[in-house]
Amino acid sequence: MTRWVPRGYADGPYGQIHYRHEGQGLPIVLLHQAPMTSAQYDRVLEPLARRGFHAMAIDMPGFGMSDPVEGTPRVEDWAACVPPVLDALGHGSATILGHHTGALVATEVALQFPERVNALVLNGPMPLSEEERAEFLTNGYPRERTITAQADGSQFAAVHAARTRLAAGTVEPERVSEYVVMAFQGQGAYWHGHHAAFQYRQEETLAAVACPALILTNTGDIIHDHARKAHELRPDFAWVALDGGGVDIVDQQPEAWAQAVADFVQSL
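In case it helps, the UniProt record's numbering puts the sequence shown at residues 1 to 268.
For the record, the hints were derived by calculation from the structure and aren't laboratory data.
Mixed in with the good hints there might be a few duds.
What the hints assert, rightly or not - Cβ-Cβ distance ranges computed for the label pairs, FRET-style:
1. 90 with 50: 19 to 29 Å
2. 152 with 232: 40 to 50 Å
3. 150 with 208: 35 to 45 Å
4. 187 with 164: 24 to 34 Å
5. 184 with 141: 16 to 26 Å
6. 235 with 52: 20 to 30 Å
7. 162 with 235: 27 to 37 Å
8. 52 with 115: 17 to 27 Å
Each residue gets a CB set at the ideal place from its N, CA and C atoms; glycine is no exception.
Construct the entire structure; sequences and hints are all you get.
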């Protein structure tokens, strides 16, 4: 069941930024995967709050109820959503956590606004080879461009089938349905998220990260091998690999996930 937590809006460079938050204590910003919303973190806000955090989950621009970037957005654009939310909630700086596409955005936040970042948690980083980038732009990107309004509503069924396959029976059908709603809720196009992600060169930007960082992954994640590659690029970053799970790790293992985050941040 969804827990309703305080929500609000901050004024950002592209319009309003929607966020939800819970708890008091160490500030941590949560940036969702694409195409999702801050509701991705519904089931970990309370576990984080219970562990002494003020957890702030943001709808990145164009997702959920946040206004979009004009034109085709880039990861670099989405990073600008974080400082206005920190200002609105009275924090000078915070730990920035991102999952999948959100991990790329978190990396960029650390580069653009280092004074606002105490530490990073990269939950599913994605440094890419040129072959992987070309494969997506040649094949994956055109497929995602077709996921748009259809007269028979088949776009919803297609995304539902994909999310059901990824969940592999580990997430209840009601929650999978919520994933589909999240995917189509935003004002940006469905394809914007992964298009921006595959344009971003995290294999280069990781080298410039100067703050403490944790690479958080799980062995069942479809990009677990990319997390290993990120750790090879930055062996000085802390490393935690939860066992099993998938792309829905925050729903599959909320307590273990929150504990891994807390152990890292509270050790600094």
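Evaluation of the provided hints:
1. 90 with 50: 19 to 29 Å: holds (21 Å)
2. 152 with 232: 40 to 50 Å: holds (46 Å)
3. 150 with 208: 35 to 45 Å: At roughly 42 Å between Cβ atoms, residue 208 and residue 150 fall inside 35 to 45 Å, so the hint holds.
4. 187 with 164: 24 to 34 Å: holds (26 Å)
5. 184 with 141: 16 to 26 Å: holds (18 Å)
6. 235 with 52: 20 to 30 Å: holds (29 Å)
7. 162 with 235: 27 to 37 Å: holds (34 Å)
8. 52 with 115: 17 to 27 Å: holds (23 Å)
Of the numbered hints stated above, none is contradicted by the structure.
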